[in-house]
Structures are given as C-alpha cells and as structure tokens.
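Novice: Since the structure of chain A is already known, use the hints to place chain B on it.
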Amino acid sequence: MSKIPRCWPILYALYKMNRIRGHFYLQKYIYLAKVEGEIPIEYDFAKNDYGPYCLGIKTDAFRLNQEGYIDLIDDCDAWLFKITPKGEKVVQKMMELIPESNLTCFDNILDKFSKYTLTALKNYVYSNHIKEDTENNDLKKQILIDIKDLLSLFKEREPNHNSMFIRGSLDYCSIALKKENLTDPVQKDMLLSYISSYNNNILKLNELTMNEPNTLAHLNLEEVKEKFDYIQETCSKELDILPRLDDESADLELFLDDEDDDPLTPLFTSPIRC
Amino acid sequence: MTEKGRKGHVTLKYMELTDKIHILTRDLLTKKIDINTLTLIMDEIRRKSVAKIVNEYCETPDARIKLGVRRVNDAAIYRMITNVEKKITNLESKGWFNIIDYDPDEYDIKNVENFYKSQIGTAKMTQHIAKKGNAVPSHADMSLLCYSCDNSAHVVTNDSDITTFTPELKSEGICFDVIKISDVRF
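Quick note, the sequences are listed as chains A and B, same order.
Counting along the first sequence from 1, when you hit position 185 you're at 181 in our numbering, and nothing is skipped either side.
To convert, count from 1 in the second sequence and add 809; that's our numbering.
Just chain A, same shape as in the assembly (with noise of 0.2 Å):
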C-alpha cells in the first residue's frame, strides 16, 4: 500500500459515516482499525489524556480541508467534518488500489464503533489497548513528525512576527529534541511532554485562525510566548540541551540546522491526484 497517501483513512472514514462530529471519534476510528482491524495505517499515537492519540490525523485533516477535500465546520464547540465531492472522487480511487480485506476491516470497525458514545469508546479504548509507554523513543520521533507537520501548516502563512516566532519556537524544540541525549527518563519524559504540550498550543492557534489567516498577524500570543518561555528555560539551564533563542552569548550557528531539506510532502502523488 505503499503508494497510498498516509491520509486515507481519514477520508476513508469520512465518506463511509458521511460525517464525523469531533476530532476525539476520529482518531478512536482510526487507531482501532490499526490495532484492532489490523490495517496498515501510517498514523503512530501517543497517549493522551483521552486516549491514544496522533496530531498527523489532526494536521493532515487541516490540510484536506485546505485543498477541498474535506469541509471543517465548527459545530458548537466541536469540529463537524464532511467529505466533498472532490474528495469522494479521490476515495473511489484510492478503493482500487486498497486490498478488499482493509477496507472490509475498516468498514467492520466503522460499523461497531459507531455505535458507542464518547464515553463507552474512551473507556474500550483504554481497558483494552493503553499499555505504559517504556520507550520514549518513538515518543520522540512522534513529536519530531507533529513539529514537521506543524511547520509546513505555518510555512503557508504570510510571514510576520507572529507567525515567525510560531515557526521559531516549533523548530527550536525539534533541535532541541535532535540534540538532547538525556539519559535520565525522568527528565526525558519531561521535556517531551512539554514540547508534546506545546505542540497542542499550537494546533489550536491554527484552528482558532485557520478561517481569517489574517487575524494571526494581530493575536495577543503572550501565554504561549510564556509557555515557550519555560521551554527553553528547561532545556537551557535544567537540561543544558540548547541555549536560549535571546541568548546573547550564543552564536547564530547553534540554532541553525538544514538537516530536514525535503521539501513539504503533498498529499496526494500520482495515480491519485485529482
């Protein structure tokens, strides 16, 4: 299934149910076809305080909604997702090339779980899949993907000082992440629950300005300036990882890093594109 888009099964999911009320439901869907269905599905989840949870579905959901794929309609408090037109004619597509058995897996997945109200699912979800993360790693290389995906949602920004800083913190953590070498789990977990965190600040701010991308250029960002803040307080003087971005002392060339030179990967490659 190699040449599938990671992004199937959010459209899968949504042309099957029609519509999807709540990002918690979708990433349930999602996460119980891969380790219930079995199906091959690109998305990794890491726990969260409502289950296991992956930002990819969350960033790659902003994207489709971006390129019409999908409608993103805020519905009381709760995201209302639909698929288009445009993007049902993708999913016929896509069915082609998805071995039969996934899609039967899937389906049987969206059948049962459909059912369960928010509560019911959460509690499956936990009694019968959550085991202790021990490896931070794949945490790590979790987060590092989030920051990635972060990134390219703000790199389509106008450039100004908001959104700059956004980019500058996003990319401070991840070379802070690619620097560390902590041995201490405690500490270890510390830090990446905190960019973990952070990350989720961010997201929001995309979804708070996704529809009028102009009013980003005007937010008042002083609690995630502060939230930043502590960041590099950590991994400066708890961690001794990475200076501070305002660090007099520190030179330009501990911040730089062209490591990640790929350019934005699209959604969708040849035979699938519309």
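Distance condition first, Cα-Cα at most 27 Å in a straight line; then the derived BS3-like pairs of lysine-lysine:
(1) 144(A) with 861(B)
(2) 151(A) with 895(B)
(3) 233(A) with 895(B)
(4) 223(A) with 896(B)
(5) 857(B) with 223(A)
(6) 221(A) with 895(B)
(7) 151(A) with 896(B)
(8) 861(B) with 223(A)
(9) 813(B) with 221(A)
(10) 151(A) with 941(B)
(11) 813(B) with 151(A)
(12) 174(A) with 200(A)
(13) 174(A) with 816(B)
(14) 861(B) with 200(A)
(15) 813(B) with 144(A)
(16) 813(B) with 175(A)
(17) 85(A) with 12(A)
(18) 875(B) with 175(A)
(19) 12(A) with 111(A)
(20) 813(B) with 233(A)
(21) 857(B) with 200(A)
(22) 151(A) with 940(B)
(23) 857(B) with 144(A)
(24) 223(A) with 895(B)
(25) 221(A) with 896(B)
(26) 861(B) with 221(A)
(27) 875(B) with 144(A)
(28) 151(A) with 875(B)
(29) 221(A) with 857(B)
(30) 174(A) with 813(B)
(31) 151(A) with 857(B)
(32) 151(A) with 861(B)
Hints were generated in silico from the structure; no laboratory data involved.
Model, not experiment: these values are computed from the prediction.
Specialist: The following block gives chain B in isolation, referenced to the frame of chain A:
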C-alpha cells in the same frame, strides 16, 4: 548585522539601500533636519515588516552562502528577527529619532483611500495591482501621507504604494512631497 554561522563571523546585509539610508540619515542630522516617524509605522514594522524582510533575505543565496547552510531554518530566522527588532528598539532611544503619536482624521484617510480607488483602471494602477495585489495601501501608509500633508513633511520611502503615485499624490494634495530612497544621489 554580524552573526557567527558555520563559516565564522559574517555580516548579513539585505538591500543595497541600507548603506544609502545610513548616509542619508547622517546627512539629515548634519543639516539639523528632524527625522520623525509615526507610532503606527513602528507598530507595523514590529508586527510585520521586520519578519517579512528577514525571511526574504534568508531565502537569498547570499544568506545561505554566508551562513554555510543549504537553507536557513526557522529558529535561526526568528533569532535574527528578534535581533533586528532589538536594534530598532535601540533606535527609539536615540535623541534624534522622533516617534510621533499621530491619529489621522478618518475623513482624511477616506480621502486617501478614495484617491487610490480612483486610480483603478489606469495602466499604472493595473501594473501596481499585478505586483502588490491591492490598489489601496495599508492604514499605516495612508496615515503617513496624511501626516506629510498636515505637517508639510517629506515622506522618505521606497514603498511602491507611495513612490509609484508620487506625482498624482502631490498634485491632488494628498501629501506634501515624497523622496524615493533609491533615487537619492550623494
């Protein structure tokens, strides 16, 4: 701005106009001419302009070659943005740099806006919109024109929103005068 990249300390400078602006500033100060700017303009510089210009510069081969990288990443760009912003803040503390709290009359702003809209359809404006995307400049730019008119002050700029329409702006009484930086000769 001097930074230490992978090839050691380098001077990063965007625009050939930087040197010209330095010379012009010294020239004006020697002649004891006041240099004023508006709070609105400083706010816009901080909110948008510095980030836009630094980001643009970092996309140039000059920046990549000097820093010794294939591309300039966002953390480095943001670091440079905050450094430039600090320099601008330092400028504000100079005795010769005056920041004026100017609140333009809404009627005057509307007048400026109507002027630009009246140019729509002309060859000059058509070309301008193709480059900039809009016919009407920002509120900060329009305020600058109103200030120039109210105070018989020259606007010193390279912003094409203003310099492209200098003859018309002057003849319509929208501003006092405009000096295009790139046309200045010493």
